[in-house]
Amino acid sequence: MSFSRPSANGARLQSEVPGLPFLAFKQRLHSREEKSTNQEHSREEEDEEDDDAERELEDDQATLVTERCDTISMEYHVVYSESYQVPVLYFNAFHSDGKLLSLNEIWDRVPSLHRQRVEHDKWTVITQQEHPIFGRPFFQLHPCHTEDLMKQVLPNSSESKSNYIVTWLSSVGPLVGLHLPLVFSELCGDG
Amino acid sequence: MNNTVATPIHIIINSYSIGDPDGVPCRLCVEYNAFEGPGHISSHLFPSPGTLINFNTLNAFREIDKKNVLEQSAKQIWDDIKSGKAITEPFLLSRFMLLTFCDLKKYHYHYWFAFPALVTPEPVTVHKPAQRITDVFTSNQVKSLQKEYDSLVKTVPHLGFFLVVQDGNSIKLQTLDKANKVSKKAKVFYGFCDPCTLSEHPGWPLRNYLALIASKWPSQEPISIICYRDRSREGQRSCDHSIVLEVNLPSMTDMKDCPKCVGWERNQKNKLGARTVDLSSSMDPNRLAESSVDLNLKLMRWRLIQELDLEKVQQTKCLLLGAERRETKAATAAEKLKKIFPGVTSSGHQFSIPMPGHAVGKSEAALKQVQEDVGKLEALIESHDVIYLLMDTRESRWLPTLIAASKRKLVVNAALGFDTYLVLRHGLKTDESEGSTASPVNLACIPGHRLGCYFCNDVVAPGNSTRDRTLDQQCTVSRPGLSMVAAALAVELMVSLLQHPNGGHAAADTSAKDDHLNASLISPLGLVPHQIRGFLARFHTILPASLAFNKCTACSESVMSGYREQGFNFLLKAFNQPSFLEDHSGLTTLHQEIDYSEIIAFSDDESVKSTE
Chain A
1 MSFSRPSANG ARLQSEVPGL PFLAFKQRLH SREEKSTNQE HSREEEDEED
51 DDAERELEDD QATLVTERCD TISMEYHVVY SESYQVPVLY FNAFHSDGKL
101 LSLNEIWDRV PSLHRQRVEH DKWTVITQQE HPIFGRPFFQ LHPCHTEDLM
151 KQVLPNSSES KSNYIVTWLS SVGPLVGLHL PLVFSELCGD G
Chain B
1 MNNTVATPIH IIINSYSIGD PDGVPCRLCV EYNAFEGPGH ISSHLFPSPG
51 TLINFNTLNA FREIDKKNVL EQSAKQIWDD IKSGKAITEP FLLSRFMLLT
101 FCDLKKYHYH YWFAFPALVT PEPVTVHKPA QRITDVFTSN QVKSLQKEYD
151 SLVKTVPHLG FFLVVQDGNS IKLQTLDKAN KVSKKAKVFY GFCDPCTLSE
201 HPGWPLRNYL ALIASKWPSQ EPISIICYRD RSREGQRSCD HSIVLEVNLP
251 SMTDMKDCPK CVGWERNQKN KLGARTVDLS SSMDPNRLAE SSVDLNLKLM
301 RWRLIQELDL EKVQQTKCLL LGAERRETKA ATAAEKLKKI FPGVTSSGHQ
351 FSIPMPGHAV GKSEAALKQV QEDVGKLEAL IESHDVIYLL MDTRESRWLP
401 TLIAASKRKL VVNAALGFDT YLVLRHGLKT DESEGSTASP VNLACIPGHR
451 LGCYFCNDVV APGNSTRDRT LDQQCTVSRP GLSMVAAALA VELMVSLLQH
501 PNGGHAAADT SAKDDHLNAS LISPLGLVPH QIRGFLARFH TILPASLAFN
551 KCTACSESVM SGYREQGFNF LLKAFNQPSF LEDHSGLTTL HQEIDYSEII
601 AFSDDESVKS TE
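First to last, the sequence lines map onto chains A and B.
Residue numbering for the first sequence follows UniProt numbering, beginning at 1 and increasing consecutively.
Residue numbering for the second sequence follows UniProt numbering, beginning at 1 and increasing consecutively.
To be clear, the hints were calculated from the coordinates, so they are not data collected in a lab.
Check the hints yourself; a few may be wrong.
Partial pick of chain B residues on the chain A-facing surface, computed with a CB cut under 8 Å [said to hold, decoys possible]:
{"no.": "1", "residue": "P121"}
{"no.": "2", "residue": "P123"}
{"no.": "3", "residue": "V126"}
{"no.": "4", "residue": "T197"}
{"no.": "5", "residue": "E234"}
{"no.": "6", "residue": "V262"}
{"no.": "7", "residue": "R275"}
{"no.": "8", "residue": "V277"}
{"no.": "9", "residue": "S282"}
{"no.": "10", "residue": "Q314"}
{"no.": "11", "residue": "K317"}
Each computed DSSO-like pair below joins lysine-lysine, with the alpha-carbon atoms no more than 30 Å apart [unchecked claim]:
{"no.": "12", "chain 1": "B", "residue 1": "K298", "chain 2": "B", "residue 2": "K105"}
{"no.": "13", "chain 1": "A", "residue 1": "K99", "chain 2": "B", "residue 2": "K67"}
{"no.": "14", "chain 1": "B", "residue 1": "K181", "chain 2": "A", "residue 2": "K99"}
{"no.": "15", "chain 1": "B", "residue 1": "K409", "chain 2": "B", "residue 2": "K368"}
{"no.": "16", "chain 1": "A", "residue 1": "K99", "chain 2": "B", "residue 2": "K106"}
{"no.": "17", "chain 1": "B", "residue 1": "K551", "chain 2": "B", "residue 2": "K573"}
{"no.": "18", "chain 1": "B", "residue 1": "K216", "chain 2": "B", "residue 2": "K260"}
{"no.": "19", "chain 1": "A", "residue 1": "K26", "chain 2": "B", "residue 2": "K154"}
{"no.": "20", "chain 1": "B", "residue 1": "K312", "chain 2": "B", "residue 2": "K376"}
{"no.": "21", "chain 1": "B", "residue 1": "K368", "chain 2": "A", "residue 2": "K99"}
{"no.": "22", "chain 1": "A", "residue 1": "K26", "chain 2": "B", "residue 2": "K147"}
{"no.": "23", "chain 1": "B", "residue 1": "K339", "chain 2": "B", "residue 2": "K362"}
{"no.": "24", "chain 1": "B", "residue 1": "K128", "chain 2": "B", "residue 2": "K181"}
{"no.": "25", "chain 1": "A", "residue 1": "K99", "chain 2": "B", "residue 2": "K338"}
{"no.": "26", "chain 1": "B", "residue 1": "K82", "chain 2": "B", "residue 2": "K143"}
{"no.": "27", "chain 1": "B", "residue 1": "K216", "chain 2": "B", "residue 2": "K128"}
{"no.": "28", "chain 1": "B", "residue 1": "K82", "chain 2": "B", "residue 2": "K362"}
{"no.": "29", "chain 1": "A", "residue 1": "K26", "chain 2": "B", "residue 2": "K368"}
{"no.": "30", "chain 1": "B", "residue 1": "K368", "chain 2": "B", "residue 2": "K407"}
{"no.": "31", "chain 1": "B", "residue 1": "K269", "chain 2": "A", "residue 2": "K99"}
{"no.": "32", "chain 1": "B", "residue 1": "K82", "chain 2": "A", "residue 2": "K99"}
{"no.": "33", "chain 1": "B", "residue 1": "K376", "chain 2": "B", "residue 2": "K339"}
{"no.": "34", "chain 1": "B", "residue 1": "K362", "chain 2": "B", "residue 2": "K336"}
{"no.": "35", "chain 1": "B", "residue 1": "K143", "chain 2": "A", "residue 2": "K99"}
{"no.": "36", "chain 1": "B", "residue 1": "K409", "chain 2": "B", "residue 2": "K338"}
{"no.": "37", "chain 1": "B", "residue 1": "K339", "chain 2": "B", "residue 2": "K106"}
{"no.": "38", "chain 1": "A", "residue 1": "K26", "chain 2": "B", "residue 2": "K143"}
Don't be surprised by glycine CBs; every beta carbon is placed ideally from N, CA and C.
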């Protein structure tokens with residue numbers, strides 16, 4: 001598998017294990033709300049505002065202090081599943097302090113139009129699994145519906161394989177914040 | 001710095017990017033590979049060397065002299081500027097400090113970043129505010145700037161600071177060490193790769209860059225700065241959003257001492273304080289186990305059975321009686337349960353269950369011990385919801401059966417033969433039902449309070465008999481998989497029972513006449529049979545149901561009232577006198593009533609065998 005052109009959006013083809021390449025993307029998503037990820041702290045643990053620091057280490061006027069907001073770091077991997085014989089999207093999402101998002105938080109970020117479509121299958125569409133290469137926990141878009149989906153979208157089996165990833169990823173990616181640039185549609189034959 | 005308090009200082013390399021979309025705040029990325037040195041950074045990221053100081057206690061972390069820490073780092077930057085090292089290795093201008101303390105029991109991590117920035121002796125003033133680069137240069141010039149950068153970065157990877165030399169229409173990029181060789185008539189812009197995305201403000205790396213410029217290349221004229229930003233959107237790469245500004249910079253060439261420094265990062269509340277992150281939900285093994293069990297249950301409920309009452313399953317208290325004769329088995333079992341699911345509350349109790357027909361010693365000590373054991377058993381049964389009888393012998397099940405029946409507790413029995421097993425739920429008596437074994441009942445659908453117990457089908461009392469070997473006494477050896485099958489079925493039977501709206505009073509579903517195929521499923525999990533009898537040799541299972549026996553040695557009215565009225569003394573008689581139970585329950589009378597003369601004839605291959 002190779003890229004048709006050097007990928008401009010930072011996607012990389014990686015191979016940690018020989019013969020098992022996978023696609024990796026990273027991106028940062030801006031989160032509108034400032035969410036403190038430490039809601040259950042005891043009072044002593046809470047880092048006191050260091051009043052001395054405030055006085056001595058005063059920032060000078062040259063520092064622009066902006067509104068605090070959290071950014072979510074997303075990491076996506078596309079790995080081929082031997083058992084399902086389809087590509088599977090694995091992803092992880094972290095707050096800026098390194099904390100992993102919970103499954104509920106991931107669901108909160110699924111755009112509402114997609115949410116309705118998969119509401120009845122909610123807990124099986126996005127699950128947490130061991131990454132087949134790294135062994136770390138990763139969220140996964142469950143592959144069991146992929147084959148059906150692709151059969152509907154790519155009815156003509158003589159389509160060249162290079163369309164498959166783009167077609168598939170552009171259908172399922174938006175659930176989890178992954179939007180393929182429009183220019184990729186050029187790879188899809190009739191475009 | 002008080003090195004005796006802190007643990008060793010680590011040098012780590014982090015990275016920042018200049019390609020973020022608008023509005024995303026600048027960030028320095030600290031990843032797990034930060035300890036590996038500068039070689040691992042991706043080509044489109046920029047290195048930032050730093051120092052990590054880890055503390056062993058929260059107090060040490062809080063009390064370290066922050067001003068001092070910052071000054072040490074500032075001095076390093078200042079020395080690099082003065083010596084000229086920052087010109088050949090300008091990434092040294094982007095240093096940072098990181099203080100950490102890790103509470104590894106709770107998985108709470110405290111950390112505080114500092115990005116030291118040297119402060120100029122007088123403020124830097126803006127001569128010309130920020131403009132988009134496309135407003136200062138033509139689009140061709142911008143394109144060639146990008147091209148120049150790309151080719152320069154091939155020879156000097158991760159180049160973060162450079163000179164943009166505009167000579168007439170041409171744009172050329174140079175590394176900083178060529179600053180003094182630039183032609184006098186060319187215009188020099190000081191360029192740097194800017195992680196900031198705000199359209200009117202430059203990013204933090206500019207501050208130390210200005211200190212370098214002010215020391216090495218001071219000028220009375222305003223200096224021009226290019227904040228170079230490069231990102232891809234929709235598959236297109238562009239640096240058009242880079243900004244250009246002009247500032248008046250006071251000279252720092254004569255400064256000998258390290259200038260003042262600022263740079264501690266503000267926390268989420270915008271105050272100058274450390275940050276904390278609680279990672280127990282993804283690192284604490286107990287929390288992980290809990291959440292995975294919880295997820296499993298949720299999946300079952302969501303996908304398959306919305307009516308599943310999960311709380312009921314989670315809150316049921318189970319008492320497992322068994323494992324006699326092995327000293328430490330109970331405690332080990334409790335431990336093993338915790339290994340499977342750390343959130344379980346489990347404890348092991350080691351004591352003997354007295355049995356009918358096994359005489360209690362005459363000594364006072366023996367008597368006292370038995371009384372204690374009985375008391376313990378009664379208390380345990382009282383405090384649990386479901387009792388599992390998993391013993392090796394038939395008679396040892398007698399006492400728990402009686403106690404549980406009188407306390408109206410659910411009982412699930414599991415018994416093994418060599419290749420056969422029995423899983424049985426005892427009928428659950430109601431207060432009215434104790435006297436009602438005479439009234440007719442629909443045998444096709446026996447209600448829960450009329451179902452039998454383990455002893456209801458026996459016409460001999462459990463005792464220390466060597467002749468009548470019942471199912472579970474025939475062999476001490478079973479086929480290896482049998483115990484697991486029986487145990488699993490025992491648990492599932494209980495769960496199905498608990499999910500049934502009538503609980504232990506649920507009527508028995510049976511496989512007689514294929515009723516189990518037609519039965520309406522009231523419990524969301526399916527059938528609630530009375531008994532599951534399995535035959536491993538044929539991989540066959542049947543679901544019989546049987547009635548409570550009014551002369552049962554364990555759950556009949558006469559036995560239960562005897563226990564209720566006489567308590568321990570009743571039990572003692574049962575333990576000590578082999579015929580007591582048969583007499584008391586009425587079995588003795590029953591035997592006597594059988595008139596052998598009424599049996600007309602045996603056929604050739606029939607013989608009198610004791611029933612099981």
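> Between B/K128 and B/K181, is the straight-line Cα distance small enough, at 30 Å or below?
Replying inline: holds (26 Å)
>> Run the distance test for B/K409 versus B/K368: straight-line Cα separation, threshold 30 Å.
In response: Holds - the C-alpha atoms of B/K368 and B/K409 are around 26 Å apart, at most 30 Å.
>> Holds or violated: B/K339 and B/K362, Cα atoms, limit 30 Å.
In response: violated (43 Å)
>> Hint B/V126 vs chain A: min CB-CB distance below 8 Å?
In response: B/V126 check fails; min Cβ-Cβ to chain A is 11 Å, beyond 8 Å.
> Has the given pair, B/K82 with B/K362, been kept, meaning a C-alpha gap of at most 30 Å?
Replying inline: Answer violated: B/K82 to B/K362 is near 98 Å, above 30 Å.
>> Tell me if the interface restraint on B/Q314 is satisfied: Cβ within less than 8 Å of some Cβ in chain A.
In response: Violated, because the Cβ-Cβ distance from B/Q314 to chain A comes to roughly 17 Å (cut-off 8 Å).
>> Would the hint linking B/K216 and B/K128 be met if the CA-CA limit is 30 Å?
In response: Given that 30 Å is the threshold and the Cα spacing comes to 22 Å, the pair holds.
> Quick one, is the B/V262 hint okay against chain A at 8 Å, beta carbons?
Replying inline: Status holds, d = 5 Å.
> Quick one, are B/K368 and B/K407 close enough, alpha carbons at most 30 Å?
Replying inline: Distance ~23 Å between B/K368 and B/K407 Cα, so the pair holds.
> When you check the alpha-carbon spacing of B/K269 and A/K99, does it fall within 30 Å?
Replying inline: holds (18 Å)
> Quick one, is the B/V277 hint okay against chain A at 8 Å, beta carbons?
Replying inline: Nearest chain A Cβ about 4 Å off; hint holds.
>> For A/K99 and B/K338, compute the direct alpha-carbon distance and say whether it is at most 30 Å.
In response: It holds: about 27 Å lies between the C-alpha atoms, which stays within 30 Å.
In summary, the structure is inconsistent with hints 1, 3, 4, 10, 11, 14, 21, 23, 26, 28, 29, 32, 34 and 35 from the numbered list given earlier, while agreeing with the others.
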